[in-house]
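J.: Two chains, two frames, some hints: make the complex.
Each protein sequence line maps, in turn, to chains L and S.
Under this note's numbering, read the first sequence as residues 11 to 317, first letter to last.
Under this note's numbering, read the second sequence as residues 1139 to 1379, first letter to last.
Since the hints were made in silico from the structure, they are not lab data.
It should be emphasised that the depicted structure is a prediction, and the values quoted were computed from it without experimental measurement.
Hints are not guaranteed to be accurate.
Here are the simulated lysine-lysine pairs, DSS-like style, with alpha carbons at most 25 Å apart [what the hints assert, rightly or not]: (1) L:Lys-79 with S:Lys-1322; (2) L:Lys-116 with L:Lys-79; (3) S:Lys-1222 with L:Lys-116.
Computed Cβ-Cβ distance ranges for the label pairs, DEER-style [to be verified]: (4) S:Leu-1312 with L:Gly-49: 45 to 51 Å; (5) L:Arg-303 with S:Glu-1297: 39 to 45 Å; (6) S:Gln-1353 with L:Ser-67: 52 to 58 Å.
Note that beta-carbon positions come from the ideal geometry of N, C-alpha and C, so glycine has one too.
For reference, the chains in residue letters:
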Amino acid sequence: MTAVDVQGLTVRYGDLVAVRDVSFTAEAGMVTAVLGPNGAGKTSTIEVCEGYRTATSGTVRVLGLDPAKHQRQLGERIGVMLQEGGVYPSARVLDTVHHYCTLYGKGADPATLVEQVGLTARSGATWRRLSGGEQQRLSLALAMAARPEVAFLDEPTSGVDVNGRDTIRGIVRDLAASGCAVVLATHELDEAERLADRVIIFDQGQVIADGTLAELRKGHDEIRFRSDPNLDLGALATSIGMVASQVGPDEYVIDAPPHPKLMAQLTTWLAEQGHPLTDLRAGGQRLEDVFRRLTARDADGTNGGEA
Amino acid sequence: MSRFLSQLRTELQLTLRNGEQLLLTLGIPVMLLVFFSLVDVLPTGTDDPVDFLAPGVLALAVMSTSMVSLGIGTGFERSYHVLKRLATTPLGRPRLIAAKIASVAVVELVQFAILVPVAFALGWSPSPANWALAVAGVLLGTAAFAGIGLTLAGRLRGEINLAAQNGLYLVLLLLGGMVIPFSKLPDGIRAVAHALPSGALADVLREALGGAGVQPGTSWIVLAVWAVVMPLVAAALFRWD
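The following block holds chain S by itself, in its conformation from the complex (with noise of 0.2 Å):
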């Protein structure tokens, strides 16, 4: 086996034992998604509210994985030195990245797997469906949540980065239009919440998977300056040790 393919069952195998992870994960997305689209109490403005919570649900998805659940997970080994003793070895952190980053899309996978078939069952029929414009958009998800979470862990203690993660989770999934309208937030509100890589996935994703967006061309940007900017500020501001 290679060291790449070495590292990444690694991480598989603590994303799987760690059930904290999985909660949030998949526990919490499949949740949402199948509570409020039974019980139709959100101001979701469409018929059928799964036609809505699918595409924020997804969104809500992939940052679980790539903004909390990687940020927590590398915030707790820089914290206990697993990523200083990583680094003498020959794996090196190019591959070290490379194999977190495969960890990160598995578990996208495995959530996407599970979610689709769930909104499917539970009435979604996106039209029109363009799943590679939706799949472009969560690479660039992927690439901004990531951006986000290892700048907070590579700066942060372990507990006090727990902490942020799950705050900063609150707020994108409260204003970030996956299982709240933008239409529902105050102005001042609204305008923050669209520049947000949350909104702005969800939006994109609403209008890949059902021609909803509401302003899917400024959205594609503001999700595309996000995925490029995060990652580079991670870069130049993480700390291994």
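Chain L with its partners taken away, still in its complex shape (with noise of 0.2 Å):
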């Protein structure tokens, strides 16, 4: 089921287009992560999904309904977790999740809650004195307190540790299992591609890229290894019948998709020249390769990645 359907959504600030024209969907039961630099609309088009920005033009549905016009009804069934703030500095942690249960009005249990997020330890202590993943994972806990149907999350893991991190990815499937559309805005390409089903890739304010990881990969398997600097690639190109590119001082891509023989080759001539293979990776190309080359820039400023 659709939970989020925005047809050509244009955000104008004075005369800066922050959104142009932007169509994307995302649906219940699924972690859609949307993907974009600094300042390619990511936030402005969330910030209209959850009634706080009003659009330019274009049409956006939350749940059937127009966040601009019905921002209270949708209040109560969505879950929003800011990038950064968003509560009182003095409050402590308990207070403060169990008044926004309070708000919500869902049942929620305050205490579970924060169990769940792993600040149990902390529930005495203002916002002030958390960490900045203690902080992030409060913020999530308040956004959980919605019992949310859509779950709009701004950078969850920004800042958090390596076990933080680890709550807030099984809290995060743990929203999509049970139905819950979840939108997450990120930087981290990494945490996009352990979580999403789905990825829509922003840049200057448009949508450049929208799919499945597999299909965003498609047509770009590689196989990328490292070995001993400086091979001589002439010759490894002669012994396997494809070029490889030295991308670092000890690693080396081959865009190919990986298939047994050519592997096969590739390694016996690794051997065969007495050079070491210290780490093999092969198929598609991982998040980051993808974004890179989508929202690479010509030295003008254009996107000169492909579309």
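T.: See the structure below:
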């Protein structure tokens, strides 16, 4: 079921066009990652979906409602996590969660939410005494207090340590598994790669890619390996029939699908030449590479990547 | 508990935990009232300084809570994105504003519950005492000062707003006839002082609680204009984020 439906959205701030004719959907029970460089229009788009900002033109429906006209009804059904702040600095953890549980009125238990985000031991601490990661976890607990049908999470793992990230990832997966449409805005491509069922990439106010990870990687398979620095790439190309590029001091990439025969030729050549194979990764490009490819800029600042 | 009451409870909890705001809303008015009532150094022009000071300090208490305390708190909430976060909840902006107004009213009740008995203990005996008229003045003053405080809070960033609110507090305190009589101000400044909301509120309270207003008719009009205009200005200029 489509939970968020954005069609032809444009957002202007005076002369600046922050979002230009953007269309996408987010489905219930799925994690939709919204990626993009700073100023790409992600936050403006999400704020329109939350009912916080008004669209200049276009149509936005969240759970079938127009956020600009039905913010109050939507407020009862959506959970929001801001990128930063959003809590009174002198407010205590449990008091704050209790307050938001009352505001949403969905019967969520404050102590259980605090436990779920791993902050039980910090229940009496004020927001200003929490670390950055703890603040993010509290902010997530406030979004969960809504028992949301749609959750808009802005940079949920920013500044969070490894254990905290695992906690947050688990909660995001549970939210999606419960049928919630999770819209995850993030700069952290690794996070999106781990969590997202679908990825939407923004650049300069427009959607430049939209699909599953497999769809975005399609046609861009590669073999990436590490060995000694400065291999004889000419000799390697002659041996395996493919050109390899050096992308780091000891890192190489062959733009080709990872056929077993090609892999065997590569490893055989390395063995024959006495070179080690210290790392090998074959298959679809990492999301980071997909992102770089799509958002690459020409010298004049225009988008030189593929659309 | 309803959403409104939950928000009101949060607002009051945070006020109680904020030592600086407690000093501003309770500490300074009580200290001014007690000190200058016992140490007769101000040119109040009355036999007993407390007869002049008590209405002025009540006006000061209203200004401290509804302008400075509300304005500084709201300004920081805006800077910390608290208002933005709350705007996406079912609380809604009207209930958030209502909770803030109720919080101001509760704090003012507490202020009056402390200041009035202290003034009586210091020998204040207002006669005539039209408390209904005084309450009307306090309501108008609250609206006027809240409008000023929220206008600044809605346009200026946290630290600048803090400085602006405190600076304005000092100016309005000194020129507002709260602790220094209008008659002691230079002519040009006196005209300005009568047009300020602090001067108007102090004057109407002094008239309602002791019949010693300087120009109560004009002061009611001045106060009413501030009370209508400033909330409208705040509503028009306020930025939630």
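J.: Check each numbered hint against the structure and report the violated ones by number, ascending.
T.: Hint check: 1 fails alone, others pass.
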